Amino acid sequence: MSSGNQQPVGDGLVKWIDTRLPVFSYLQKEYAEFQSPKNFNWFWNFGAILTFMLVMMILTGIILAMQYQPNTMLAFDSVERIMRDVNHGWMLRYMHANGATFFFIAVYIHMFRGLYYGSYKNPRELLWILGVVILVLMMATAFMGYVLPWGQMSFWGATVITNLFSAIPLIGDSIVTLLWGGFSVDNPTLNRFFALHYLFPFLIFGVVVLHVVALHVSGSNNPLGVDPKGPQDTVSFHPYYTMKDSAGLAIFITIFAFFVFFAPNFFGEPENYLPAAPLNTPAHIVPEWYFLPFFAILRSINFDVLFIEAKLGGVIAMFGAIFVLFIVPWLDKSPVRSAKFRPVYRWFFWIFVLDCFLLGWVGGRAPDNLVFEGLNLKVIHLGWLATFWYFFHFIILLPLLGIFEKPKPLPKSISAPVLGGGSAAASATAKPMEKA
Amino acid sequence: MGIVSNMRRTAAVAGFAVAAALVSTSAIAAGDAKHPEDREWPFEGIFGTVDLASAQRGLQVYLEVCSGCHSLKHVAYRNLGALGFSEAEIKVIASGFDVPDGPDKEGEMFERAAIPSDRFVSPFPNEEAAKAANNGARPPDLSLQVKAHPGGANYLHALLTGYVDAPEGVNVPTGSNYNPFFRGGFIAMPAPLFEDGVEYADGTPATVEQMATDVVNFMQWAAEPEMEQRKKTGFKVVIFLIILSAILYAGKRKMWANVDH
Amino acid sequence: MSDDTQNHDGHSGSRRDFLYLSAGAFASVGGAIALWPFVDSMNPSADVLALSTVEVDVSQVEVGQRVTVKWQGKPVFIDRRTEAGIAEARDTPLDDLRDPETDEARAERPEWLVVIGVCTHLGCVPLGQTPSEPRGEWGGWFCPCHGSHYDTSGRIRKGPAPLNLPVPPLAFLNDTNIKIG
Numbered sequence: 001m002s003s004g005n006q007q008p009v010g011d012g013l014v015k016w017i018d019t020r021l022p023v024f025s026y027l028q029k030e031y032a033e034f035q036s037p038k039n040f041n042w043f044w045n046f047g048a049i050l051t052f053m054l055v056m057m058i059l060t061g062i063i064l065a066m067q068y069q070p071n072t073m074l075a076f077d078s079v080e081r082i083m084r085d086v087n088h089g090w091m092l093r094y095m096h097a098n099g100a101t102f103f104f105i106a107v108y109i110h111m112f113r114g115l116y117y118g119s120y121k122n123p124r125e126l127l128w129i130l131g132v133v134i135l136v137l138m139m140a141t142a143f144m145g146y147v148l149p150w151g152q153m154s155f156w157g158a159t160v161i162t163n164l165f166s167a168i169p170l171i172g173d174s175i176v177t178l179l180w181g182g183f184s185v186d187n188p189t190l191n192r193f194f195a196l197h198y199l200f201p202f203l204i205f206g207v208v209v210l211h212v213v214a215l216h217v218s219g220s221n222n223p224l225g226v227d228p229k230g231p232q233d234t235v236s237f238h239p240y241y242t243m244k245d246s247a248g249l250a251i252f253i254t255i256f257a258f259f260v261f262f263a264p265n266f267f268g269e270p271e272n273y274l275p276a277a278p279l280n281t282p283a284h285i286v287p288e289w290y291f292l293p294f295f296a297i298l299r300s301i302n303f304d305v306l307f308i309e310a311k312l313g314g315v316i317a318m319f320g321a322i323f324v325l326f327i328v329p330w331l332d333k334s335p336v337r338s339a340k341f342r343p344v345y346r347w348f349f350w351i352f353v354l355d356c357f358l359l360g361w362v363g364g365r366a367p368d369n370l371v372f373e374g375l376n377l378k379v380i381h382l383g384w385l386a387t388f389w390y391f392f393h394f395i396i397l398l399p400l401l402g403i404f405e406k407p408k409p410l411p412k413s414i415s416a417p418v419l420g421g422g423s424a425a426a427s428a429t430a431k432p433m434e435k436a
Numbered sequence: 437m438g439i440v441s442n443m444r445r446t447a448a449v450a451g452f453a454v455a456a457a458l459v460s461t462s463a464i465a466a467g468d469a470k471h472p473e474d475r476e477w478p479f480e481g482i483f484g485t486v487d488l489a490s491a492q493r494g495l496q497v498y499l500e501v502c503s504g505c506h507s508l509k510h511v512a513y514r515n516l517g518a519l520g521f522s523e524a525e526i527k528v529i530a531s532g533f534d535v536p537d538g539p540d541k542e543g544e545m546f547e548r549a550a551i552p553s554d555r556f557v558s559p560f561p562n563e564e565a566a567k568a569a570n571n572g573a574r575p576p577d578l579s580l581q582v583k584a585h586p587g588g589a590n591y592l593h594a595l596l597t598g599y600v601d602a603p604e605g606v607n608v609p610t611g612s613n614y615n616p617f618f619r620g621g622f623i624a625m626p627a628p629l630f631e632d633g634v635e636y637a638d639g640t641p642a643t644v645e646q647m648a649t650d651v652v653n654f655m656q657w658a659a660e661p662e663m664e665q666r667k668k669t670g671f672k673v674v675i676f677l678i679i680l681s682a683i684l685y686a687g688k689r690k691m692w693a694n695v696d697h
Numbered sequence: 698m699s700d701d702t703q704n705h706d707g708h709s710g711s712r713r714d715f716l717y718l719s720a721g722a723f724a725s726v727g728g729a730i731a732l733w734p735f736v737d738s739m740n741p742s743a744d745v746l747a748l749s750t751v752e753v754d755v756s757q758v759e760v761g762q763r764v765t766v767k768w769q770g771k772p773v774f775i776d777r778r779t780e781a782g783i784a785e786a787r788d789t790p791l792d793d794l795r796d797p798e799t800d801e802a803r804a805e806r807p808e809w810l811v812v813i814g815v816c817t818h819l820g821c822v823p824l825g826q827t828p829s830e831p832r833g834e835w836g837g838w839f840c841p842c843h844g845s846h847y848d849t850s851g852r853i854r855k856g857p858a859p860l861n862l863p864v865p866p867l868a869f870l871n872d873t874n875i876k877i878g
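Chains as they are written, first to last, in the working numbering: chain W, 1 to 436; chain E, 437 to 697; chain G, 698 to 878.
Because the hints were derived from the structure by calculation, they are not lab data. Check the hints yourself; a few may be wrong.
[Unchecked claim] Derived PhoX-like pairs: lysine-lysine, alpha-carbon spacing no greater than 20 angstroms straight-line:
#	chain 1	residue 1	chain 2	residue 2
1	E	Lys541	G	Lys771
2	E	Lys527	G	Lys876
3	E	Lys509	E	Lys567
4	G	Lys767	E	Lys541
Owing to the predicted nature of the structure, the values given are computational and were not obtained by experimental measurement.
The following block holds chain W by itself, in its conformation from the complex (with noise of 0.2 angstroms):
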């Protein structure tokens, strides 16, 4: 967008501003002419959905931090003076709380379209690990949000979140008690968690601009996984993936609209209508859903391994989840994007997709139930198998698969299967997953 050789674009006002600062050229180029493969599915949606809802997240979060008290005797008060008294403030605060879950729906489903169609693949390393930079931002601004409004779940997973740290050797009480600023969570801590959550989202935003470069450089994956050949591949960006974004954006915006007004606390948990006790723990303290798979990993680890103990491998498997995330570029070694064209990774990747709801609802659960009448197996035992095979599916399968998968012939080109000009391969795939 920098070249000076690039001629500026429109008349008037738009050509002098162009001149001295190239908004409307880099515009033209990179959202207008950009060229994009012409066989997307619904799945390339949720890049344009996540950033509406970013901008969303914001927009509603800086209107309700007009009227919000970060400060224990008042933050609960002061969130139900939103709902009650704020004008239209029950509206703003529940599409800021329905906000986090369609949120995390949105990016859980992205990422999984990056695991299926390999679009984390050379040269898209960067891409995709600086989409798990964002996801750990968002998970630590979700997190401090909830501990705004100051109810039991608030205080009480402020709590435990925080102590994780103290598993940490020698120094985690230390690092406990720098996080709280004080010998508990209370004012000091939320006060904090205001501001951090307040600046995050800011963070984010310049992470997914980087994101969205770094995607403008290698262009964007497809369903087939194979490089767009020349301009019989591709499309202009707009109108052509403006109009289908906003297409799938309003549809996504409908079904998060019909939870916002008719049942805006499908998501959250009714304890947290209770104010903040400090000396007083619910029966059952559970995250919000999106932490659910994460959760169940840290408490999957309840026995010590060699020198470390329960509570530190736990936290270890719990980071070493999301860690794992960043180094899937180099632990998947098949040459093939698509999961489309390996027969063998597609049916591991459903068993992971199956695999992360298990370990969702094993996260919901206390480990010690009974999972069936009769049967001893309990919470906990699905909750070791699930861990095991969230690390071997990263670890084990993905570097094996790339050794001893014999994947399908590609495709010669994108258009190929479409027009009949590919070789068997082409009807084979023109079926299952792709939009045409």
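Model the placement of chains E and G on the given structure of chain W, informed by the hints.
Coordinates of chains E and G only, in the frame set by chain W:
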């Protein structure tokens, strides 16, 4: 065009959301309390509204029975306008409460009659006073009780009508009462509702069942005063978005019709 | 519109354009309406509006005494005026005033003058509520920020302020109770 496969994908997306939701909601179900009966409430569903007559009677039950111990501190007297009370009636209701105010010019705190802009005056000045007056158990604030329990309305109705004699062999600790719907079975609150405990102005017979229903309707309104407005706005928003989605989807189809993809 | 979608079939083309136009119009209108809750949330909330009237008991105020009460976050000056003060205010010819207003219109009950104590220049609170403070050249109020002088009816007489101190909506509930707002 893979319409069918598109739909399958859309269904997959929706399925993901639902499955994720099931994971989160079913997590609460554990516990050793008796499961409350699933009743029908006028405020349920996307067309649900507040039963004004019942909620008004519920306010009477709150004022005459509950308010001795339970606060309602997130609701203001002025809010009662939404339940159909006139400004004059609200002033009368408010003036029945004394609210601490001050300091005055001499620096003293004083009490004055509450006015419509005040929030419902709490029966105890602070948590410790509430505990001290109730054998160490703090009567919870009622403003959000319906939202604070899974299946809030059913639970509260079951709790209010569910006091029974303890079964054989169960020793109820002193100062506690047996109620199978309460977690653990022993609740500090004695059965609050008795036949004809209040006298309804509209002549409705004040059975325990009736009073429980009325006060739950009232507490539901107190917990979600925005509910009717929310659903009304929601209708417009969702219908608008469905039309917008349809237009955009049709536009997308039209635009892509000439592209081999 | 890029070239490869040029559609020469007029009927189909107009239907397509209609779709794009209505999509654009729908989305813009929806977006604009969706902004309203964000803006409106910054307007006074229900609990703030509920405090928009106050009732003041003035039975303890003596002749010549001024008291300040707070109404909507602003100081309201209540002046139980002396006979001399009333006479001075009523005898001033309208020609002498920058913002001509009769004292009769400003003080329904001559003994009681109630004005919002915010200088109409840039919002400072004028001095003159206690005997020790300067009351300006016309015996009313004097704004220390930029030297505006108000008379015993709260009318601007000298200095940069353009308007008289405004009289808030008032009602005498009885001889000793005033409802402001």
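Status of each hint after checking the structure:
1. Lys541(E) to Lys771(G): 18 angstroms, holds
2. Lys527(E) to Lys876(G): 15 angstroms, holds
3. Lys509(E) to Lys567(E): Measuring from Cα to Cα gives roughly 17 angstroms; hence the hint holds.
4. Lys767(G) to Lys541(E): Measuring from Cα to Cα gives roughly 14 angstroms; hence the hint holds.
The structure shown violates none of the earlier numbered hints.
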